[in-house]
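The opening position of the sequence shown corresponds to residue 7 in my numbering, with each subsequent residue numbered one higher.
Since the hints were derived computationally from the structure, they do not count as laboratory data.
It cannot be assumed that every hint is accurate.
Simulated DEER-style distance windows between Cβ atoms [what the hints assert, rightly or not]:
{"id": "1", "residue 1": "Glu66", "residue 2": "Phe243", "range": "39 to 47 Å"}
{"id": "2", "residue 1": "Trp248", "residue 2": "Glu66", "range": "50 to 58 Å"}
{"id": "3", "residue 1": "Val280", "residue 2": "Asn113", "range": "45 to 53 Å"}
{"id": "4", "residue 1": "Val60", "residue 2": "Thr112", "range": "30 to 38 Å"}
{"id": "5", "residue 1": "Ala61", "residue 2": "Phe243", "range": "35 to 43 Å"}
{"id": "6", "residue 1": "Trp248", "residue 2": "Asn113", "range": "28 to 36 Å"}
Ideal Cβ placement from N, Cα and C applies to all residues, glycine included.
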Amino acid sequence: ILLIVLVVGASVLGGAGEPAAPHAPYAESAVSHGFLTGYQTMDLLAALCFGIVVAANVRELGVSDPKRVAGSISSAGVIAGALMMAIYCGLGFVGASMGAAMPDATNGAAILTASASAHFGAAGTVIVAAIFLLACLNVCTGLISCCSEYFSEAVPRVPLAAWAALFAVFSCAVSLLGLDAILAFSAPLLGALYPPAIVLVIMGLLHRQCDRLPRMWPWAVLVTAAFSVIVGLRDAFAPGLWLPLDALPFAAMGLGWVLPAVAGAVVGAVLSRVPAPSPRSR
Numbered sequence: 007i008l009l010i011v012l013v014v015g016a017s018v019l020g021g022a023g024e025p026a027a028p029h030a031p032y033a034e035s036a037v038s039h040g041f042l043t044g045y046q047t048m049d050l051l052a053a054l055c056f057g058i059v060v061a062a063n064v065r066e067l068g069v070s071d072p073k074r075v076a077g078s079i080s081s082a083g084v085i086a087g088a089l090m091m092a093i094y095c096g097l098g099f100v101g102a103s104m105g106a107a108m109p110d111a112t113n114g115a116a117i118l119t120a121s122a123s124a125h126f127g128a129a130g131t132v133i134v135a136a137i138f139l140l141a142c143l144n145v146c147t148g149l150i151s152c153c154s155e156y157f158s159e160a161v162p163r164v165p166l167a168a169w170a171a172l173f174a175v176f177s178c179a180v181s182l183l184g185l186d187a188i189l190a191f192s193a194p195l196l197g198a199l200y201p202p203a204i205v206l207v208i209m210g211l212l213h214r215q216c217d218r219l220p221r222m223w224p225w226a227v228l229v230t231a232a233f234s235v236i237v238g239l240r241d242a243f244a245p246g247l248w249l250p251l252d253a254l255p256f257a258a259m260g261l262g263w264v265l266p267a268v269a270g271a272v273v274g275a276v277l278s279r280v281p282a283p284s285p286r287s288r
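Hey, can you work out the whole structure from these sequences and the hints?
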């Protein structure tokens, strides 16, 4: 965080450059495209994966009351969210200030490196490398450990160390493809995973209301997942193929899953209100 503050601070104090004119698709739909591009951060998916780990760590500190655990996690989430918002705003400022100098940049890493190099010379590249190393190392370590532990339990014949080595080698090989290739490959996959994750988080925030309608959970999440997976497969293997789902509201902005999510939630809510048939009536 301190290194990011250093780069952003240098950009602010060094004088912001002239922002470049927005290119398509940001010129027409900056909000929706920025929202979809935010999938690439994988922050929400990471929160779902590591939330259980955070809760377990809170309990290990001696907090056993569920309400206190939830309160501690909520407080930590608010603080982490505020810090992340500040970081992303700072990085956005860096991108805007370097827009005119790098109009053909294809990803944020190139822009951040150029900004750091402009203010710190050759040391700027080292600073950016340190930022990526520190930011990604703990996430990579956690993901490799979690995945290895899961697969070692699912396939006990293969030891945990072997799974860890496999995931580490595979990840290293994929990283050699370059950031642009990784983003292009991951975009359809994240487009399939993120909508049901967003629905799950929203319903989790409204769990007191949603828990009264238990069938709303599977209906909302599964309907959203079905839609997003179909669209994700199309985007991956047949990008130009038109689907009837493209006629839904907000589909042109990449948010066509919103109406199916609402429809699934409504169906689940209605079914939750229908009383189960008594044994005598069967």
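Which numbered hints does this structure break?
-> Those not satisfied: there are none.
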